[in-house]
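Participant: Listed in order, the protein sequences are those of chains G and F.
Under this note's numbering, think of the first position of the first sequence as 1, with each following residue one higher.
Under this note's numbering, think of the first position of the second sequence as 1, with each following residue one higher.
Please keep in mind that the hints were generated in silico from the structure rather than gathered at the bench.
All C-beta atoms, glycine included, are put in the ideal place defined by N, C-alpha and C.
Just so you know, not all the hints are guaranteed correct.
Between beta-carbon pairs, the in silico distance windows are [to be verified]: (1) F/D126 with G/E93: 26 to 36 Å; (2) G/Q147 with F/I167: 30 to 40 Å; (3) F/A179 with G/K92: 52 to 62 Å; (4) F/N172 with G/K40: 52 to 62 Å; (5) F/I166 with G/S44: 49 to 59 Å; (6) F/I94 with G/K92: 36 to 46 Å; (7) G/S44 with F/I96: 39 to 49 Å; (8) G/Q147 with F/V160: 19 to 29 Å; (9) F/I94 with G/S77: 54 to 64 Å.
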Amino acid sequence: MKKIIFTLVLSFAATLLFAQKNPFEKFTDMDGVTCVYISKNMMSLLPKESKTQFSGVDVNSFINKLSSILILTSENSKIAQEMMTVANSRIKEQNYELLMRVKSDDGELVNFFMKGKPENIEELIMVVDGSDGESVIMQFLGDFKLQDVQEMTKSFDKKK
Amino acid sequence: MQNKIEILIDQFYKGETNSKEEELLISYFTQAADSLRSDTDRDVIQTLSSAKISVPSELEQKMASMIDRWEMQETQEKMRAAYRNKIEFRKRIIGIAVSVLLVVGIGFWYQYQSAGNHSELKETFDTPQESQEAVVAALQLFSHNFSKGTGAMEQADEQVDKALKIIDQLLNEKVANTAVNHTLEKK
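Only chain G is shown next, with the shape it has when bound in the complex (with noise of 0.2 Å):
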């Protein structure tokens, strides 16, 4: 009987385990939100041989080792604050880790989530929580460093 338990409660954790999907998928679907998708095989087809195709920055390193790119948007504030309401319930649940917290003078929020340590990151989420009502979740999944995002930033700084 005790096997039988034990194997009764293995099974669930796993199933569990497999059931955990991309948290934002939901959104793809909902009226009002605007999604883009970029999986890997597609980023694969992106030229690489010369900068200027990335207005002069250069981002390989960092799109190499990302496995998709999504992008929910969302103008409409009623739609934008249930985006943002289920967006941080399941960062609380799935235990993402708060990365860093920026609050504009206009009064916009953006907060920035990984999943993973920061010398192997699983996921990195953006949500930008406009002032004016339009919000942006922006999820980069794939293998790499927090030091490969401050290279990429850098990048794009020095190009201003």
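We have chain G already, so just place chain F on it with the hints.
Facilitator: Leaving out everything else, chain F in the frame of chain G:
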């Protein structure tokens, strides 16, 4: 004959004689006055032969009921053991069946889920060029916001450095003034 009687007497004491042989011995001792053996043998054999063992009348019934009871207990014990074995066997069969069902179920479920995961997120753009523009725009927006945070942190670091420098400077000035005052007081 005498040898045979001797042998029979020995067998009698060992308890190996049958009823015919005992009757032979009794008749021998009653008929023959001058027996080969001592009178003690004669007395013993005659006493033992004449003694009637009284068997209780209910003994047979009691023994029969006791034997029946033992037999019933044995039968019941066998039945219980067989029942236990049967239950154990059924448990094992059920356990194996449940395990197999779970493994097969999880396998099917996982395949179904995997298929579902791929189907839900679809590629937004059809061409790499469109995707490229979107990727660059996304990374620009991300970098812009990320730099805001890191920039603020750098500014904060600079402010802290400035404040520490001012504090160091003030402390040094205070120490120097104290030293000058001590020198003047000594003079």
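Participant: Given a hint of 49 to 59 Å, does the C-beta separation of F/I166 and G/S44 actually sit inside it?
Facilitator: 54 Å, holds
Participant: Do F/D126 and G/E93 keep their Cβ atoms within the hinted range of 26 to 36 Å?
Facilitator: 35 Å, holds
Participant: Return holds or violated for the Cβ distance of F/I94 and G/S77 against the range 54 to 64 Å.
Facilitator: Given about 57 Å between the Cβ atoms, the range holds.
Participant: If you check the beta carbons of F/A179 and G/K92, does the distance land in 52 to 62 Å?
Facilitator: 58 Å, holds
Participant: At the C-beta level, are G/Q147 and F/I167 separated by a distance inside 30 to 40 Å?
Facilitator: 33 Å, holds
Participant: Using the Cβ atoms, figure out if F/I94 sits within 36 to 46 Å of G/K92.
Facilitator: Given about 41 Å between the Cβ atoms, the range holds.
Participant: Should the hint that G/S44 and F/I96 are 39 to 49 Å apart at their CB atoms be regarded as holding?
Facilitator: 46 Å, holds
Participant: Could you check the hint for me, namely that F/N172 and G/K40 are 52 to 62 Å apart, CB to CB?
Facilitator: 59 Å, holds
Participant: Okay, G/Q147 versus F/V160 on CB: inside 19 to 29 Å?
Facilitator: 23 Å, holds
Checked against the numbered hints given earlier, the structure satisfies every one of them.
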